[in-house]
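Peer 1: Numbered per the working numbering, the sequence shown spans residues 4 to 300.
Heads up, a few of these hints could be off.
Heads up, simulated EDC-like pairs for lysine to aspartate or glutamate below, C-alpha to C-alpha not over 16 Å straight-line [said to hold, decoys possible]:
| no. | residue 1 | residue 2 |
| --- | --- | --- |
| 1 | K290 | E212 |
| 2 | K92 | D105 |
| 3 | K290 | D156 |
| 4 | K186 | E253 |
| 5 | K229 | D110 |
| 6 | K92 | E137 |
| 7 | K169 | D179 |
| 8 | K151 | D175 |
| 9 | K287 | D197 |
| 10 | K21 | E91 |
| 11 | K287 | D179 |
| 12 | K287 | E298 |
| 13 | K160 | D175 |
| 14 | K242 | D105 |
| 15 | K229 | E253 |
| 16 | K290 | E204 |
| 17 | K287 | E200 |
| 18 | K290 | E200 |
| 19 | K229 | E91 |
If you're looking for bench data, these hints aren't it; they were derived computationally from the structure.
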Amino acid sequence: MSRIFTWLGIGLLTVLGKLPYPLVARFGEGLGSLLYLIPSSRRRVVQTNLRLCFPERTEAEIESLSRQTFRNVFRSFAERGIFWTGSEKQMRRWVQIDDQADLVALDGTPHILVTLHLSGVEAGAIRLTIHLREHVRRSGASLYTRQKNELFDGFLKHARGRFGAKMIARNDSARDIIRCLRKGEALQLIADMDFGERDSEYVPFFGVEALTLTSVSRLARLTGAKVVPIYTEMLPDYKGYVLRILPAWENYPGDSVTEDTRRMNAFFEDCIRPRVTEYYWVHKRFKHRPDGERENY
Numbered sequence: 004m005s006r007i008f009t010w011l012g013i014g015l016l017t018v019l020g021k022l023p024y025p026l027v028a029r030f031g032e033g034l035g036s037l038l039y040l041i042p043s044s045r046r047r048v049v050q051t052n053l054r055l056c057f058p059e060r061t062e063a064e065i066e067s068l069s070r071q072t073f074r075n076v077f078r079s080f081a082e083r084g085i086f087w088t089g090s091e092k093q094m095r096r097w098v099q100i101d102d103q104a105d106l107v108a109l110d111g112t113p114h115i116l117v118t119l120h121l122s123g124v125e126a127g128a129i130r131l132t133i134h135l136r137e138h139v140r141r142s143g144a145s146l147y148t149r150q151k152n153e154l155f156d157g158f159l160k161h162a163r164g165r166f167g168a169k170m171i172a173r174n175d176s177a178r179d180i181i182r183c184l185r186k187g188e189a190l191q192l193i194a195d196m197d198f199g200e201r202d203s204e205y206v207p208f209f210g211v212e213a214l215t216l217t218s219v220s221r222l223a224r225l226t227g228a229k230v231v232p233i234y235t236e237m238l239p240d241y242k243g244y245v246l247r248i249l250p251a252w253e254n255y256p257g258d259s260v261t262e263d264t265r266r267m268n269a270f271f272e273d274c275i276r277p278r279v280t281e282y283y284w285v286h287k288r289f290k291h292r293p294d295g296e297r298e299n300y
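Make a model of the complete structure from these sequences and hints.
Peer 2: What follows is the structure in structure tokens.
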């Protein structure tokens, strides 16, 4: 039965991939508005996260931000029909590139492209593969979380890697990641989620202690990789997204892994503040707590 539902989901995404982008985006927003009306654990997670990160906001403001977050989250889900199954022409049309880092100059130097879960993260990651292939003659690699559903995992791996990116499962051997970087490849790494205590430390995220991956700092120390911050911003009027590739961080890694991780979270905060509702607040960002603190969810 699960395979049937998986195939139906893949079929729906494929159909969405054939429709005009503005129509798909509006469909996702409408679905998000509808689902927000239904009390759910995810709605509570969004509201809790926003209250923790923006204590100065009124309840009316939290409600408005939560509703728009749902609209953007489900818009991004619907858009994956295009970004996971669409052509290279579609990717170029709906995702612009703002390369301030001059990735061509970094070719042959290992570099980690670190980002966060904004609405356009999938679109930006796949578009970046095309950009790398076009300008530095290599498509890079990307870490992903292996799915429990093998059928969907295979579909997802193909969708994200169809333009040449090497897909490396997050829990696979670290040797694959290190080997990739030492070859001078670009490694895309999304580092803003709570994956548990392994390779993580508590550092502030909007003033709240959050268990955060330290792998960016550790990999940079181990391989000598440059760290290039990137994020994908939603454009107005259903014009798609723009992937912004910022200059590599100077003096990174620094004196300590903890300070490096604080710096990374500060970058994430700077990305989120101008576009709060584009962030993936449905994730339990503060699931694990330091000893003695109460649970948030």
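Peer 1: All the hints need checking, so say for each whether the structure fits it.
Peer 2: Hints, verified against the model:
1. Straight-line distance between C-alpha atoms of K290 and E212 comes to about 11 Å, which keeps the hinted pair within the 16 Å bound.
2. Taking the CA atoms of K92 and D105, the gap is about 23 Å. The hint is violated against a cut of 16 Å.
3. Restraint check: the Cα-Cα separation between K290 and D156 comes to about 25 Å, which exceeds 16 Å; the hinted pair is violated.
4. At most 16 Å may separate the alpha-carbon atoms for a hinted pair to count; K186 and E253 exceed this at roughly 22 Å.
5. Of the supplied pair hints, the one linking K229 and D110 holds, its CA atoms being roughly 11 Å apart against a limit of 16 Å.
6. Note on K92 and E137: the hinted pairing holds, with a Cα-Cα distance of about 13 Å set against a maximum of 16 Å.
7. As the CA atoms of K169 and D179 are separated by approximately 10 Å, the hinted pair is consistent with the 16 Å bound.
8. A distance of roughly 14 Å separates the Cα atoms of K151 and D175; the hinted pair therefore holds under the 16 Å criterion.
9. Between the alpha carbons of K287 and D197 the distance comes to roughly 7 Å, so the proposed pair stays at or under 16 Å and holds.
10. Between K21 and E91 the alpha-carbon distance is near 13 Å, which keeps this suggested pair within the 16 Å criterion.
11. A distance of roughly 29 Å separates the Cα atoms of K287 and D179; the hinted pair therefore is violated under the 16 Å criterion.
12. Taken as a hint, the K287 and E298 pair is honoured in the structure, with Cα atoms around 11 Å apart against an allowance of 16 Å.
13. At roughly 14 Å between alpha-carbon atoms, K160 and D175 fall within 16 Å of each other, so this suggested pair holds.
14. Distance check on the hinted pair: K242 and D105 sit about 25 Å apart at the alpha-carbon level, beyond 16 Å; violated.
15. For the hint pairing K229 with E253, the CA-to-CA distance comes to about 9 Å; that is within 16 Å, so the pair holds.
16. Distance restraint check for K290 and E204: the Cα-Cα separation of roughly 13 Å lies within the 16 Å cut-off, and the hinted pair is therefore satisfied.
17. Annotation: proposed proximity of K287 to E200 holds, straight-line Cα distance about 14 Å (limit 16 Å).
18. Taking the CA atoms of K290 and E200, the gap is near 11 Å; set against the 16 Å cutoff, the hint holds.
19. Pair hint K229 plus E91 does not hold up; C-alpha atoms about 28 Å apart against a cutoff of 16 Å.
Of the numbered hints listed earlier, those contradicted by the structure are 2, 3, 4, 11, 14, 19.
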